[in-house]
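Colleague: Spelled out from the first residue to the last, the chains are:
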Amino acid sequence: MSRNKLSREEILHLAKLTKLHLTDEEIEKLSEQFGETLDYVKNMDELNTSEVEPTSQTTNLENVMFEDGQKNERRLDYNDALKNTKKKKDNMFVVDRIL
Amino acid sequence: MKINLLGKSVVQLRELIKKKEISAKEVFDYFKKRIKRFNRQLNVFLTEAEYKENKNINGELSGIPLAVKDNYCTEEIRTTASSKVLDDFIPPYESTVTQRLINAGYLLLGKTNMDAWAHGSSTETSDYGPTKNPWDLTRSPGGSSGGSAAAVSSYLSPAAIGSETAGSIRQPAAWSGIVGLKPTYGRVSRYGVIAMGSSLDCPGPLTLTVEDAAIILKEIAGNDPFDATSSPKPVEDYSKYLGTKKKYKIGIADEYFDGLDKDVKKEFLNSIDVVRKMGYEIKKINLIHPKYAISDYTIIQRAEVSSNLARYDGIRYGHHRTSFAFEAKRRSMLGAYTLSYGYYDAYYKKAQKLRTLIIEDFKKIFKEVDLIATPTTPITAIKLGEFVKYPFFGELMDKLAEPSSMAGIPGINIPIGFDRNNLPIGMQIMGNYFEEKEILNFAYQFEKETDFFGVIKKGINNYKD
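Quick mapping for you: the protein sequence lines, in order, are chains A and B. Throughout the first sequence, residue numbering follows my numbering, covering 1 to 99 in sequence. Throughout the second sequence, residue numbering follows my numbering, covering 1 to 465 in sequence.
Just so you know, the hints here were simulated from the structure itself, not pulled from any lab data. Check before you lean on any hint, since a few could be wrong.
Claimed, not checked - Derived Cβ-Cβ restraints for the label pairs, each shown as a range: (1) A:Glu25 - B:Gly279: 42 to 50 Å; (2) B:Asn56 - A:His13: 49 to 57 Å; (3) A:Asp77 - B:Lys284: 55 to 63 Å.
The C-beta atom is built at its ideal place from N, Cα and C for all residues, glycine as well.
Go ahead and model the full structure; you've got the sequences and the hints to work with.
Modeller: In structure tokens:
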């Protein structure tokens, strides 16, 4: 049994944050497995990182800019951009009502 | 057909096509025939491509058919990342890697099976069923580029494109008994590759020979205005460099021997003896233990997965989020947890700092040695179904590749022998940032010396015409 086992409420909160649907069986499994994983990664505390700067990018590139006036060849036209949608209307995506 | 094509490398096929001894269409049809015959039992291809003439007949890859992992967007050809979420997704654009292959004259053979979203190391999290290991159909080919690895080792394709976040090229290459190169992060553009861990993802080739890997890398590498993290460093002529005589000093780290299967250890040490006899200096080194890289990788990767999978809203393309299978849910949610208020410092930020330590560790060691040799995987191919026993199976199977992936340095898998069950064993060679040419050169010399102990040829001969 894991020390860090997450509660059902915590799992449901994470499912809400990530907009994912879970079965009861999955909730049970995840609360146990997250605990095991969080137990394992505690070993990071064995190494002293108090004076260390964090890394988010490994090859030291800085401020890569898109030049003004350059042609944006990535841009898709309406037809291409809408090709894979299930619901469209007047060249627009149809989304669920949120208000 | 007069010419026996079985087992011919990309370089050999290219030569035959150039001399007009065989046409590109005939080569394509040869592989189509083999796919028709063997794909049912191996489950390598999710989508097969039809022959489409490539007008460039003077490119480095003119007429060469290649299999491509199903996380590369291919214009007008279904791309699923092995997830039902993208079951009917037809990309309206081409990834940079496949565009460069088109420019070089290649022909797409088909899209290969993988772990869904590249989450896994056995190709079993695919929503389209597992790929079988060509050496033993009851086993996994490794993953996540398992379809690409199996395609090459069974010669359903003369080479393939895979992608690696941490181990996903090298590990299936080891388990399937072929060559697999993970380049430096940023050496090859990620544009149009369905993202898993954006600070880690690296496209790369899986091949029968080191020379083929060198040739394909040169074609796909280089700066890309569509990927701001791609490196502006000039691309080198990797294949021209092969055979250059150099006195490499090779580091061997004790920390990478923990938990090795005894046959893996034996064959690795045997290969190190070969390397020594070839005249290279072997030096004992110490590196941060891979058990810490497992934690570092787990945290960083899940955080990036959580962010990357958030874009699948089922509105612009693909299906609703209810189509996500268990593994993607698990990763997204743990990522959300470690990025949450209150946990961020303890997990995500801590992992970013540990990443700095791992980088510094490699930088220091590469002042002492030129290359580092380790086994690629702690064990050989597992039985299908066994992976569910491990809560983070992939991270454990890839533990020897994770430190280098966290650092962003390149590495290659090469076959070095068999275990007691006649399954291939792999060795990885890692090098400093952007030193792919040194890794390839060393691997090439090793190949010349050993012919990889016959592993690759034996694999292909299990699937005769």
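Colleague: Give a verdict on every hint.
Modeller: Hint check results:
1. A:Glu25 - B:Gly279: 42 to 50 Å: 59 Å, violated
2. B:Asn56 - A:His13: 49 to 57 Å: 54 Å, holds
3. A:Asp77 - B:Lys284: 55 to 63 Å: 60 Å, holds
Hint 1 from the list above is the single one not met by this structure.
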